[in-house]
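Chains A and B are the protein sequences, given in the same order.
Each residue of the first sequence is one higher than the one before, starting from 0 at the first, in numbering that gives the first Met the number 0.
Each residue of the second sequence is one higher than the one before, starting from 0 at the first, in numbering that gives the first Met the number 0.
I should point out that these hints are in silico values taken from the structure, not numbers from a laboratory.
Be a bit skeptical, because a hint or two may be false.
Identical copies look the same in the list; a pair holds intra-copy or inter-copy alike.
As the list claims (entries may be wrong) - Only pairs whose alpha carbons sit at most 25 Å apart, straight line, appear in this in silico DSS-like list of lysine-lysine:
no., residue 1, residue 2
1, Lys320, Lys208
2, Lys166, Lys203
3, Lys307, Lys208
4, Lys212, Lys307
5, Lys166, Lys76
6, Lys307, Lys166
7, Lys166, Lys200
8, Lys159, Lys148
9, Lys148, Lys107
10, Lys203, Lys278
11, Lys107, Lys156
12, Lys107, Lys159
13, Lys159, Lys76
14, Lys238, Lys166
15, Lys320, Lys107
As a plain string of letters, each chain reads:
Number of protein chains: 2
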Amino acid sequence: MTTSRVLHFLRGPATSPAPADHQGPRQHLRFPPAGEGMRRVSVACSSSTTGEGEGMTYKGAGVDIDAGTELVRRIRKMAPGIGGFGGLYPFGDHFLVAGTDGVGTKLKLAFETGIHDTIGIDLVAMSVNDIVTSGAEPMFFLDYYSTSKLDVDLAEKVIKGIVDGCKQSDCVLLGGETAEMPDFYAEGEYDLSGFAVGKVKNDKVIDGKNIVKGDVLIGLPSSGVHSNGFSLARRVLEKSGLSLSDQLPRNDDITTTVGEALMAPTVIYVKQVLEIISKGGVKGLAHITGGGFTDNIPRVFPSGLGAKIFTGSWEVPPVFKWLQQVGNIDDAEMRRTFNMGIGMVLVVSRESADRIIEDTHGSNPAYRIGEVIEGEGVHYV
Amino acid sequence: MTTSRVLHFLRGPATSPAPADHQGPRQHLRFPPAGEGMRRVSVACSSSTTGEGEGMTYKGAGVDIDAGTELVRRIRKMAPGIGGFGGLYPFGDHFLVAGTDGVGTKLKLAFETGIHDTIGIDLVAMSVNDIVTSGAEPMFFLDYYSTSKLDVDLAEKVIKGIVDGCKQSDCVLLGGETAEMPDFYAEGEYDLSGFAVGKVKNDKVIDGKNIVKGDVLIGLPSSGVHSNGFSLARRVLEKSGLSLSDQLPRNDDITTTVGEALMAPTVIYVKQVLEIISKGGVKGLAHITGGGFTDNIPRVFPSGLGAKIFTGSWEVPPVFKWLQQVGNIDDAEMRRTFNMGIGMVLVVSRESADRIIEDTHGSNPAYRIGEVIEGEGVHYV
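Only chain A is shown next, with the shape it has when bound in the complex:
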């Protein structure tokens, strides 16, 4: 049984949520305000098959959640005064917004497919899509590339992707570290982490606090699985008996292989989202990473509000249909593991919804996918 978890610790002030962070499917643990602010914690647990005949699930194995929770409890204890401004750092009339992330086990698929020139886009995407949820404009990015023995051709491909990602998000690749660490990584393998810093004017921070019942949820399309859910996706692939070079089943576009479909780079929403924000009406943003709609959308809401999602309002891409069918994964499990075709959700005022959707025609067309309701959590109708 493979176990994969990502634990993220970010601390946010009570009034300004930290940028959405990125995990596998997770359990949210919310602590009450203490000291300077609130600490938001997400613990992600991995896929585990429960038996031959049963459907696959991304279930939170107790031990994993306990370990993550325990680590964060200890961090809080030793650093009660540190990090009162999770992700947001006050700087004159601006906040600096910082995020760090890796691309998780999607890297294993890069090693297996040999597709290395887009994993850098994923790396940049995970951090910049996070910080743009606060309304922040990315300024610069730094990368850390670690491997046991530097392979120039390989590294060039990876860094090419990072450069592409920076271009797509209009930010500067300000520096980086390429570290050769003998005996740390298997031959041909590497790890990546990235770090993005953006800025947003104090009075322009988007934090969800003005969201009210009746506001509209707008979804921006994803390119596929993006950079989350790969523990489960790789397990499904194994069960399918297909190779990465086989054609993706349930796909009209017969030129796409399974490997290509899974490795499709994460969409960088920065330019589109900043343009939409600049025209007004946006109250909250959720980067749909691990945890899917189910975990990511509610985190931007004030307490007492939830979401109704119209499940037929957009087309679920073939890769998710294939994963669900082969893995015999139920709907709820799919929705809290994968983005299902929507990588960024905007919560906007009812008045601005039509205009915003119309404006996206011709670029990355947005869908009206739901609305804000009284209650808690996400309801799929």
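Could you slot chain B onto chain A? The hints should help.
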């Protein structure tokens, strides 16, 4: 033969050097200004024993340098317009200064000694000591901790060190990522990277451009090997036949083991350096990492200037004497591999030198270790 290299790519404007970066022993490649600025490149190569009877060297194996150079050449080609402000990002009347680094193969020694509660100090030190060389005050830090299976006790120790390092440098631990990556790391092992961002007023940037002949070099003591040269240090240890729990030879303090001496956390110079800077007279700063004085000091000088170092002006710590003796390493090799007891060098005006040195008495006492001369490079007298 173990080979370890670190390649760093930073781009700096012609007038403002990027903060000193951290490598093993390295070869400098300076490109002429192109596009927005200059790209500074450092390629570090690792230790290799050349035979039983010969002294150990950290020699730049041709292949390694070629690989690093080649990678940077390709990066330049694909991103000519990206990263014109190496490490320094203009922001109103300030520059934001960012640095990223890991701790290299010192991690292997942490695994072997079981000393995990100070490696986080090393991690923070490597980045904040870099950015303070521009005169920047660190604001916040983020960490990335990657392991195959989360061990809460171990992670707690590592993060405790990161918290300590942030306290020592008066910066906020703004966020972090703890990533579980199954099948990436050996049992009990992990990798670390860190990111620090600081600020400095435009007119307060320290860039060495006012350095003149006759200026004084002041050295601040290190705690030992810090976080560079571990490929060579581990090789010497192997040759010595000592275990990590044996007493360090050539040491008056008989309670120090070899493991403790090598694992001594990197000194964080932030507070001391910022205080010295605030009182005036500081023209340039060099964080003595891999490459030692030989490579790190000249990089802060305007062209046509070099350094004369008075080798007897400070006490070389026992750990270096032991490394040199056991490894049969010649002086030049030692000086371009290790910090030899001085972790930060300040270039100050002749008028301010005595005052600066006097002010440090009672804290981390500074030494007058040399002076700026006409010429190139570092001359040891």
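Now for the hints, and whether the structure bears them out:
Taking the closest pair of Cα atoms, Lys320 and Lys208 never come within 25 Å of each other, the shortest separation being 35 Å inside a single copy and 62 Å across copies. In this homomeric assembly, Lys166 and Lys203 come within 25 Å of each other (Cα to Cα) only inside a single copy, at 24 Å, whereas the closest approach across copies is 31 Å. Taking the shortest alpha-carbon separations for Lys307 and Lys208, only the intra-copy value of 18 Å comes in at or below 25 Å, while the best inter-copy value is 61 Å. Only within a single protomer do Lys212 and Lys307 lie at most 25 Å apart by alpha-carbon distance; the minimum there is 11 Å, versus 72 Å between protomers.
With identical chains, the CA atoms of Lys166 and Lys76 are at most 25 Å apart between copies only, with a shortest distance of 15 Å across copies and 40 Å within one. Proximity of Lys307 to Lys166 under the C-alpha cut-off of 25 Å is found in neither arrangement, the shortest distances being 35 Å within a copy and 45 Å between copies. For a Cα distance limit of 25 Å, the shortest separation of Lys166 from Lys200 inside one copy, 23 Å, qualifies, whereas the shortest one across copies, 28 Å, does not. Proximity of Lys159 to Lys148 under the C-alpha cut-off of 25 Å is restricted to the intra-copy arrangement: shortest distance 19 Å within a copy versus 30 Å between copies.
Taking CA atoms no more than 25 Å apart as the test, Lys148 paired with Lys107 passes in both settings, with 17 Å inside one copy and 16 Å between copies. In this homomeric assembly, Lys203 and Lys278 come within 25 Å of each other (Cα to Cα) only inside a single copy, at 12 Å, whereas the closest approach across copies is 38 Å. Taking identical chains as interchangeable, the C-alpha atoms of Lys107 and Lys156 lie at most 25 Å apart only when both belong to the same chain, with a minimum of 16 Å there against 28 Å between chains. Proximity of Lys107 to Lys159 under the C-alpha cut-off of 25 Å is restricted to the intra-copy arrangement: shortest distance 19 Å within a copy versus 30 Å between copies.
Within a single copy, Lys159 and Lys76 get their C-alpha atoms only as close as 41 Å, which misses the 25 Å cut-off; across copies the closest is 10 Å, which meets it. When the C-alpha separation of Lys238 and Lys166 is checked against a cutoff of 25 Å, the pair qualifies neither within a copy, at 38 Å, nor between copies, at 49 Å. When the C-alpha separation of Lys320 and Lys107 is checked against a cutoff of 25 Å, the pair qualifies only within one copy, where the shortest distance is 22 Å, while the shortest distance between copies is 44 Å.
Violated hints, listed in ascending order, are 1, 6 and 14; each of the other numbered hints is respected by the structure.
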